[in-house]
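**Q** Spelled out, the chains give:
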Amino acid sequence: MEHQNSSTLNREDARQALDTIAVTAQRSTTLYRYHQASPYFFLWGVVWMLGYGLSDLWPAQAGWTWMLLDAVGIGMSIVIATSGRAQRGAGSAMAWRIAGLGGSLFLYFAAAFAVMAPSSGKQVSTFITLTVALAYGLVGLWAGLRWIGAGVAVAALALVAYFYVPTYFNTWMGFAGGGVLVLTGYWLRRV
Amino acid sequence: MAEFNDLIHQPMRLKIMATLNTFPKGEMVEFVRLRDIIQATEGNLGAHLSTLEKAGYIEVLKDFLGKKPRTRVQMTPSGREAFRQHVQHLNDLLSGDC
Chain A
1 MEHQNSSTLN REDARQALDT IAVTAQRSTT LYRYHQASPY FFLWGVVWML
51 GYGLSDLWPA QAGWTWMLLD AVGIGMSIVI ATSGRAQRGA GSAMAWRIAG
101 LGGSLFLYFA AAFAVMAPSS GKQVSTFITL TVALAYGLVG LWAGLRWIGA
151 GVAVAALALV AYFYVPTYFN TWMGFAGGGV LVLTGYWLRR V
Chain B
1001 MAEFNDLIHQ PMRLKIMATL NTFPKGEMVE FVRLRDIIQA TEGNLGAHLS
1051 TLEKAGYIEV LKDFLGKKPR TRVQMTPSGR EAFRQHVQHL NDLLSGDC
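Here the protein sequences line up with chains A and B, keeping their order. One point on numbering: in this note's numbering, the residue at position 129 of the first sequence is 129, and numbering is uninterrupted. Residues are numbered in this note's numbering as their position in the second sequence, beginning at 1, plus a constant of 1000.
Extracted from the complex, chain A is given alone in its bound form (with noise of 0.2 angstroms):
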């Protein structure tokens, strides 16, 4: 696109000018959006790592461990959320969207636990990480591939732990399913 005038230009001209302008935006738009979300895999990375790292030393405290550190992330997601949006007024309207996800999916997990009845914690751990996996991909289909990326390595790591080392769960859910996320924070960070 040579620099052109206004008496020079021509439909042409101003419609390459405007696709410019949109794939530039929709490329800024897509890096904005993975950069805000970065900081929240970081977050439940370590999450995931406490929460299977503890759950292997005191696997009968596994569910109230699971709810701290659960409630500990929402928590603590809010504060993220709210850090910059609070400086446009934005930050109480942000925390309850968050507080309302993790309320939400509390619910939802506890109703489809009453329905499938799981016998054993593996399953149970399975089941929600497999979700997570989904939001992640269904996400990604409007936010970017990075997000499907993500969806798709949480969810093979997570079949893989329950078919192929079962013994081994919970080492790798939180070293492998932990340090994806926490790797997915930094490619998510990255231009």
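Since the hints were derived computationally from the structure, they do not count as laboratory data. Some hints could be false.
With beta-carbon atoms standing in for the labels, derived distance ranges [as the list claims (entries may be wrong)]:
(1) R97(A) - K1067(B): 34 to 44 angstroms
(2) Q26(A) - K1025(B): 34 to 44 angstroms
(3) A156(A) - E1030(B): 51 to 61 angstroms
(4) Q61(A) - G1026(B): 27 to 37 angstroms
Going by beta-carbon spacing under 8 angstroms, a handful of chain A positions derived as facing chain B [unchecked claim]:
(5) T8
(6) R11
(7) R15
(8) I21
(9) A25
(10) S28
(11) L31
(12) Y32
(13) Q36
(14) L159
(15) V165
Chain A residues, not near chain B, derived (Cβ > 12 angstroms throughout) [stated by the list, open to error]:
(16) L50
(17) G100
(18) A111
(19) W172
(20) V191
Predicted, not measured: the structure shown is a model, and the values here were computed from it. For every residue, glycine included, the Cβ atom is placed at its ideal position computed from N, Cα and C.
Knowing the structure of chain A, use the given hints to seat chain B on it.
**A** Here is chain B on its own, set in the frame of chain A:
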């Protein structure tokens, strides 16, 4: 009628303005990140940012993050309006309204 903006219409500056326009008002973007988003060289980007800053379309803030120098950029309100007008002009041209 929306105005054609010769300064903004330069291809690299068009990309810069299109990128900065996607960031929320008040949010600054780091120079290196802007460079990577629009895939420009540092020298080229710096020259165009200087032109846009002189026109009052962007604000450039230089400070330190710890001991590391940092340059950040954001679009000014007049820059957003000028970009909006230019895009409107392009759309009007495409639709045959000017």
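**Q** Tell me if the interface restraint on L159(A) is satisfied: Cβ within less than 8 angstroms of some Cβ in chain B.
**A** Since the shortest Cβ distance to chain B is 35 angstroms, the answer is violated.
**Q** Evaluate the condition: distance from the CB of V191(A) to the nearest CB of chain B exceeds 12 angstroms.
**A** violated (4 angstroms)
**Q** Per the CB criterion, is V165(A) less than 8 angstroms away from chain B?
**A** violated (38 angstroms)
**Q** Per the stated criterion, does the least C-beta distance between W172(A) and chain B lie above 12 angstroms, as a non-interface residue requires?
**A** holds (35 angstroms)
**Q** Do the beta carbons of R97(A) and K1067(B) sit within 34 to 44 angstroms of each other?
**A** holds (38 angstroms)
**Q** Between the beta carbons of Q26(A) and K1025(B), is the distance compatible with 34 to 44 angstroms?
**A** violated (20 angstroms)
**Q** Are S28(A) and chain B close enough, Cβ to Cβ, to be under 8 angstroms, as the hint says?
**A** Holds. Min distance 4 angstroms.
**Q** Quick one, is the R11(A) hint okay against chain B at 8 angstroms, beta carbons?
**A** At about 6 angstroms, which falls below the 8 angstroms cut-off, the nearest Cβ of chain B leaves the hint on R11(A) intact, so it holds.
**Q** Close enough to count: is the Cβ of T8(A) nearer than 8 angstroms to one in chain B?
**A** The hint is violated - T8(A) has no Cβ within 8 angstroms of chain B, the shortest such distance being about 11 angstroms.
**Q** Confirm or reject the statement that L50(A) sits farther than 12 angstroms, beta carbon to beta carbon, from all of chain B.
**A** The claim holds: L50(A) sits with its nearest Cβ about 29 angstroms from chain B, beyond 12 angstroms.
**Q** Let's test the interface hint: is any C-beta of chain B closer than 8 angstroms to that of Y32(A)?
**A** holds (6 angstroms)
**Q** Beyond 12 angstroms from chain B, beta-carbon-wise, is G100(A)?
**A** Given a closest Cβ separation of 23 angstroms, the condition holds.
Checked against the numbered hints given earlier, the structure breaks hints 2, 3, 4, 5, 13, 14, 15, 20 and satisfies all the rest.
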